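Q: Residue numbers (the working numbering), protein chains in the order written: chain A, -12 to 148; chain B, -12 to 148; chain C, -12 to 148; chain D, -12 to 148.
Careful, some of the hints might be misleading.
Since the list can't tell identical chains apart, any single copy or any two copies may satisfy a pair.
[Claimed, not checked] Here are the simulated lysine-lysine pairs, BS3-like style, with alpha carbons at most 30 Å apart:
{"no.": "1", "residue 1": "113", "residue 2": "148"}
{"no.": "2", "residue 1": "39", "residue 2": "120"}
{"no.": "3", "residue 1": "25", "residue 2": "-8"}
{"no.": "4", "residue 1": "104", "residue 2": "148"}
{"no.": "5", "residue 1": "-8", "residue 2": "104"}
{"no.": "6", "residue 1": "147", "residue 2": "104"}
{"no.": "7", "residue 1": "135", "residue 2": "-8"}
{"no.": "8", "residue 1": "147", "residue 2": "39"}
{"no.": "9", "residue 1": "-10", "residue 2": "104"}
{"no.": "10", "residue 1": "47", "residue 2": "25"}
{"no.": "11", "residue 1": "104", "residue 2": "120"}
{"no.": "12", "residue 1": "25", "residue 2": "113"}
{"no.": "13", "residue 1": "25", "residue 2": "39"}
What the hints contain is simulated information worked out from the structure, not anything from laboratory work. These numbers were taken from a predicted model, which means no experiment stands behind them.
Protein chains: 4
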Amino acid sequence: MEKQKIQELFDQCMEVATEDELKVIHQLLLGVQRKKQKWNDSYIAAILNMEKSPADNEYKITIPINSLTENSLGIVHGGITTTVLDTVMGTLANTLLPDGYGAVTSNLTIHFIAPGKGERMETIAKVIHKGTKTLVMEGSAYCENGKKIAHCTATFFIIKK
Amino acid sequence: MEKQKIQELFDQCMEVATEDELKVIHQLLLGVQRKKQKWNDSYIAAILNMEKSPADNEYKITIPINSLTENSLGIVHGGITTTVLDTVMGTLANTLLPDGYGAVTSNLTIHFIAPGKGERMETIAKVIHKGTKTLVMEGSAYCENGKKIAHCTATFFIIKK
Amino acid sequence: MEKQKIQELFDQCMEVATEDELKVIHQLLLGVQRKKQKWNDSYIAAILNMEKSPADNEYKITIPINSLTENSLGIVHGGITTTVLDTVMGTLANTLLPDGYGAVTSNLTIHFIAPGKGERMETIAKVIHKGTKTLVMEGSAYCENGKKIAHCTATFFIIKK
Amino acid sequence: MEKQKIQELFDQCMEVATEDELKVIHQLLLGVQRKKQKWNDSYIAAILNMEKSPADNEYKITIPINSLTENSLGIVHGGITTTVLDTVMGTLANTLLPDGYGAVTSNLTIHFIAPGKGERMETIAKVIHKGTKTLVMEGSAYCENGKKIAHCTATFFIIKK
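When you get a sec, could you build the whole thing from the sequences and use the hints?
A: Structural data, given as structure tokens:
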């Protein structure tokens, strides 16, 4: 990948960018930096600006809501809500496992309840069942005003890394 | 948002970027352009480089697999697989509705079957049921070698836009 | 249906019945009576001997565990667990609706966690979301020792009866 | 369990039984017989009168629709539909496993599509994925006029018996 080509593409984007697009470009580049600095362990988490906060037997992840997270109807894209919930449940699952073991999603069901709107989406994961081979987790997503956006459950397989 | 600040962030990212990071930055900026040029109708679709292809009674979306789509285990992030499947099912659902109506995901269940690896992920959506108030759809995701990565079903509400 | 034919069938069953089969026949006939006396509003609820107990913002149903509820592996049949959970969630949903409205299951996801064993299975339903068109409910099933057997969520449509 | 007590209960039921109740009692007693004669391997399958028919890479189970299968709204109880679908998928799964191995449902999602009405409900199971540790199956339920009642998917764990 030639740096020159990327530089030209960046210049083109910037030249015609609206205020809203400038914010998106900024968040994307911050995401690249967050990933490099290992604040997040995947690009999608970094780009969505996932902020993690562990708690007793639960886990929270918050992301900003803006153009980057919108679907074509102007509300948070259901795929993004699912991505954050999968991540928060998986992160909590991993904190419960001994070193050398990891949790991978086997299946996930999400109920979309209300449109994701506002400034921030807050998600919280809890444990429904911790077995020796699987974990069943639940996750909820909320607007910053406390309105529930979505509820999901998932089974995670416990694997040796 | 000051252009100057974004320019500096871009320069910082480029200066220290590995070859892999350069590719990610390139794909992200292409995504901004794809969204502006309305090749995709959401940023997440644009950034993931979703290529749509309609067919008789079904719909396909393909995305490149690379660092941008990886989770911390080096396989396609389950949230991204779900995002593409939600999009391909929703897109097919929308093509089946009269003007002025849209389909929004009510609930979605995904079974993860095999790790997403390789160069491209191909997804295909089909109709299970078309009612007057809801649509039930199914979607499958495949590696380019034909191996199934995931299978999902979802209910979409039909709403007046 | 000739009564004579049923009488003969009953006599045949009784003649060769083991102690266990006698109990099953007894529970089945009790179910017919429970349904006739409107203690339960469906045969399946009556035959499974569902005992309902409402509570604040939740609802409980308990059934006896025995040969009648077993699958071929000697544990509670997953379909029966699902039937009780669907019923307890639907019953709670209906208590939340005004006269003339009813709740019908649109979709349901169940995670089976541990084998259903023991004397009794207790289920409890709670509300996750009450909207104007749908209700999202959750239900859990337990052995009488408190061990969780299954966890499920479901969306119910609100319909005019 | 005293035979005398069961005899009395049977007599009471018969004395006041409507034509419809006579049919239910007949089907229940036939179920006891079917189970004893090992036509079905669980009481619930026997009582619902499940007729199995294997086919290439798929499996069918049919049951009669009548008062016994109704919910309080006069359509097939969603729990019964789920029970038949769980059974047909599980039965197909078991036919695919070597001797000494069995399939147990890990999770199941069902979409209810149309009210179950008519004389018979036909269900069919197919394989979505056969792995070394799990099987992902799908099942559909139909009225005898071909109308789809429900669609479901499930993950089965492969266990050593």
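Q: Is it within, between, both, or neither for residue 25 and residue 39, if the alpha carbons may be no more than 30 Å apart?
A: within (13 Å within a copy, 33 Å between copies)
Q: Is it within a copy, between copies, both, or neither that the alpha carbon of residue 147 lies no farther than 30 Å from that of residue 39?
A: Classified as within; 24 Å inside a copy, 37 Å across copies.
Q: Please sort residue 104 with residue 148 into within, between, both or neither, judging by C-alpha distance up to 30 Å.
A: between (38 Å within a copy, 17 Å between copies)
Q: Under a CA distance limit of 30 Å, which applies to residue -10 and residue 104: within one copy, between copies, both, or neither?
A: between (37 Å within a copy, 27 Å between copies)
Q: Is it within a copy, between copies, both, or neither that the alpha carbon of residue 25 lies no farther than 30 Å from that of residue -8?
A: This pair counts as both: shortest intra-copy Cα distance 27 Å, inter-copy 22 Å.
Q: Have a look at residue 39 and residue 120 and pick one of within, between, both or neither, based on CA distance no larger than 30 Å.
A: Answer is within: at 26 Å inside a copy they meet the 30 Å cutoff, but 32 Å across does not.
Q: Is it within, between, both or neither when you check residue 135 against residue -8 at 30 Å Cα-Cα?
A: Result: close neither inside a copy nor across copies, 44 Å intra and 35 Å inter.
Q: With 30 Å as the alpha-carbon cut-off, assign the pair residue 47 and residue 25 to within, between, both or neither.
A: This pair counts as within: shortest intra-copy Cα distance 18 Å, inter-copy 34 Å.
Q: When no copy is specified for residue 147 and residue 104, does a C-alpha distance of 30 Å or less occur within a copy, between copies, both, or neither?
A: between (39 Å within a copy, 19 Å between copies)
Q: Since the copies are identical, ignore which copy is meant and state whether residue -8 and residue 104 lie within 30 Å (CA to CA) inside a copy, between copies, both or neither.
A: between (36 Å within a copy, 27 Å between copies)
Q: One pair to classify: residue 104 and residue 120, alpha carbons no more than 30 Å apart. Within, between, both, or neither?
A: between (37 Å within a copy, 20 Å between copies)
Q: Within a copy, between copies, both or neither: which one fits residue 113 and residue 148 at a CA-CA cutoff of 30 Å?
A: For residue 113 and residue 148, only the intra-copy Cα distance (23 Å) is at most 30 Å; the inter-copy one is 32 Å.
In this structure, the one hint that does not hold is number 7.
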